[in-house]
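Undergrad: Chains as they are written, first to last, in this note's numbering: chain S, 1 to 122; chain V, 123 to 406.
To be clear, the hints were calculated from the coordinates, so they are not data collected in a lab. In this text the structure is predicted, and so the values were computed from the model without any measurement. You may find that some hints are simply not true.
Below, in silico cross-link-like pairs of lysine-lysine (DSSO-like), each with a Cα-Cα straight-line distance of 27 Å or less [unchecked claim]: (1) Lys-51(S) to Lys-370(V); (2) Lys-180(V) to Lys-151(V); (3) Lys-381(V) to Lys-7(S); (4) Lys-7(S) to Lys-151(V); (5) Lys-381(V) to Lys-95(S); (6) Lys-7(S) to Lys-370(V); (7) Lys-151(V) to Lys-43(S); (8) Lys-64(S) to Lys-151(V); (9) Lys-212(V) to Lys-238(V); (10) Lys-299(V) to Lys-65(S); (11) Lys-299(V) to Lys-64(S); (12) Lys-43(S) to Lys-238(V); (13) Lys-212(V) to Lys-51(S).
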Amino acid sequence: MNYQDEKPIFLQLAEQLEEGILSGAYPEESRVPSITEYSVNLKINPATALKGINLLVDGGLLYKKRGLGMFVATGAREKLKNRRKNQFYRDYVEKLIREAKNLGLDAAELETLIERGFEDVD
Amino acid sequence: MSIEITDLTKDYGDALALDSVTLTLGRDKIYGLLGNNGAGKSTLLSILTGRQYPSAGKVTIDGEEITNNDSALGKVYLVAEQNMFPEDMKVSSAFDAAAIFYPGFDRTYAEKLANKFGLSLKKKIKTLSTGYASIFRLILGLSVDVPYLIFDEPVLGLDAQHRDMFYRLLLERYGEKPCTVVISTHLIAEAADLIEHAVILRDGRILRDCPSEELTMNAYTVSGPTELVDRYLEGRHALSSNILGGLKSACVAGERGEKPDGLEFSRVSLQDYFISLMEEEDKK
Numbered sequence: 001m002n003y004q005d006e007k008p009i010f011l012q013l014a015e016q017l018e019e020g021i022l023s024g025a026y027p028e029e030s031r032v033p034s035i036t037e038y039s040v041n042l043k044i045n046p047a048t049a050l051k052g053i054n055l056l057v058d059g060g061l062l063y064k065k066r067g068l069g070m071f072v073a074t075g076a077r078e079k080l081k082n083r084r085k086n087q088f089y090r091d092y093v094e095k096l097i098r099e100a101k102n103l104g105l106d107a108a109e110l111e112t113l114i115e116r117g118f119e120d121v122d
Numbered sequence: 123m124s125i126e127i128t129d130l131t132k133d134y135g136d137a138l139a140l141d142s143v144t145l146t147l148g149r150d151k152i153y154g155l156l157g158n159n160g161a162g163k164s165t166l167l168s169i170l171t172g173r174q175y176p177s178a179g180k181v182t183i184d185g186e187e188i189t190n191n192d193s194a195l196g197k198v199y200l201v202a203e204q205n206m207f208p209e210d211m212k213v214s215s216a217f218d219a220a221a222i223f224y225p226g227f228d229r230t231y232a233e234k235l236a237n238k239f240g241l242s243l244k245k246k247i248k249t250l251s252t253g254y255a256s257i258f259r260l261i262l263g264l265s266v267d268v269p270y271l272i273f274d275e276p277v278l279g280l281d282a283q284h285r286d287m288f289y290r291l292l293l294e295r296y297g298e299k300p301c302t303v304v305i306s307t308h309l310i311a312e313a314a315d316l317i318e319h320a321v322i323l324r325d326g327r328i329l330r331d332c333p334s335e336e337l338t339m340n341a342y343t344v345s346g347p348t349e350l351v352d353r354y355l356e357g358r359h360a361l362s363s364n365i366l367g368g369l370k371s372a373c374v375a376g377e378r379g380e381k382p383d384g385l386e387f388s389r390v391s392l393q394d395y396f397i398s399l400m401e402e403e404d405k406k
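This is chain V alone, in the form it adopts within the complex:
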């Protein structure tokens, strides 16, 4: 059971948003879809939820092609920036509508979450602030019962406390009712520990597709006097480096070997790794 994306290409005429992307999203894992602005993340997510059509290639969900296939598309739910409900609708009526489209929608839970976040059910969608409009969409996502739950920049406009609440609620939902979760985000540091598998997109192509641990365990930071660091880096693969006074630090790909005297090694976070990889690509 999985979402299979095969040779997916999206051509906007003057720009190639996706360039033959092939990717499998397996069952019951939390994926992180990472990439800079314009990498093609949102385009990919809109296509696999049927909101856009590809120029070439195909997407299947649990073996069924998604084009004009409501039963396959009913298995995915996308939380994105756009509001899918009439602006004049009240929050409570939107919950009613969601229950019709998604039979597994848990209305009691949605109301409980609304209460927890302080979202009034009586408010019209158009009157919600940016933050609460995001919260409204997140609550819908957390309350539907689908095997594939996709979040495109889920925490935009949310304050720190609400972001924290969202991550915990998502993990609670995932723990109780495992499903495939895809989180597409710029805020990598916040979501890094939630992500089991990282997919890094760049210019419409997949740059990395592997367990996030594999990325962070196979890279490390070396720092020390510039001359020593430079000597250490000879014959090694430095993704990025920076110099501050006489000290240099570099992010090195590969396994840590013996640490020479005078140098310090440290762990890289998923965000450090991502930034270093982007810097390396910029040089190409």
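For reference, chain S alone in the conformation it holds in the complex:
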């Protein structure tokens, strides 16, 4: 874990798990590592690992199979993508539009700029 990170460890773990689901490292209906595995690997108290995992359980991304462990829920990847899209809209698009309006750019001009960006950026 990154100790310089401002975020508490359980949040870092939750984000790491979300990345794993998004990237397909943890496919839907597959088992994710157990609390003990996380605890041993990251050298953290199991209660901290549980707290991180429970965030995803509460969000409907993981579910528990009795005696078998934690599994990725069907539709979890889609759910995460939508959540990220909404976040992207709030964090980037809204800011972009506000700044564009400040500069007096209209939607068509902005569209041209975005197309140029798609060309320029790898």
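Put chain V on the given structure of chain S with help from the hints.
TA: Chain V only, in chain S's frame:
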């Protein structure tokens, strides 16, 4: 089910090592016992494992008083600096002896660990280096099956790789067979993420006894230009502070409020919190 320590006092004649300590060690949690040299950590641990007697007060384990009570004392295992076996004994014979004293001792597992750490079973205990003598004691601790497992400065003399192995093995043991673990250590940064509940001792008294998260979440570091920081600290409780050039940073107790412009807030680690608390106490 717990270890209850009530009004425990240990008087060495010229010094009070413990001063009416009252503490509960609950079931299946990892405790960190933190304190500077001479705070009373080792004395407390020796008393609750029956190696020393208190001057006053009592200790009960799962409701039974420990004085001359082998069945209660059989529930705790202390890994400490002293070797409890005859010096001429070989490691393998020490494992045999441990199996007699602790019926739940897992010999196969102990041998597996010895192999993993590179500890030879044929060696005599007195010929082990400081590091391997520590490893030998840790292996015994990890292999006994007791509900209360206590480590007094477990990683002294161990190199970085072996310390890392120990922490992981301890978490593995704890995950598979939950028990109460007490880790008394100076190396707070290394053990901080393992600790669920922190007990801070100072001059034989308990200064803090709460979930470690409560300590670190209720303190933060503020830094920025000295003048701004000083103004911010007015009416707030600064545990410690230091100045570097025109910049000042301080560890503040309490919840973070709104961050004023020009100042930076950051998280404190358990070690930062501990050091700040000790500095504050030094001033008293």
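Undergrad: State the violated hints by number, sorted upward, taking the hints as numbered earlier in the document.
TA: 1, 13
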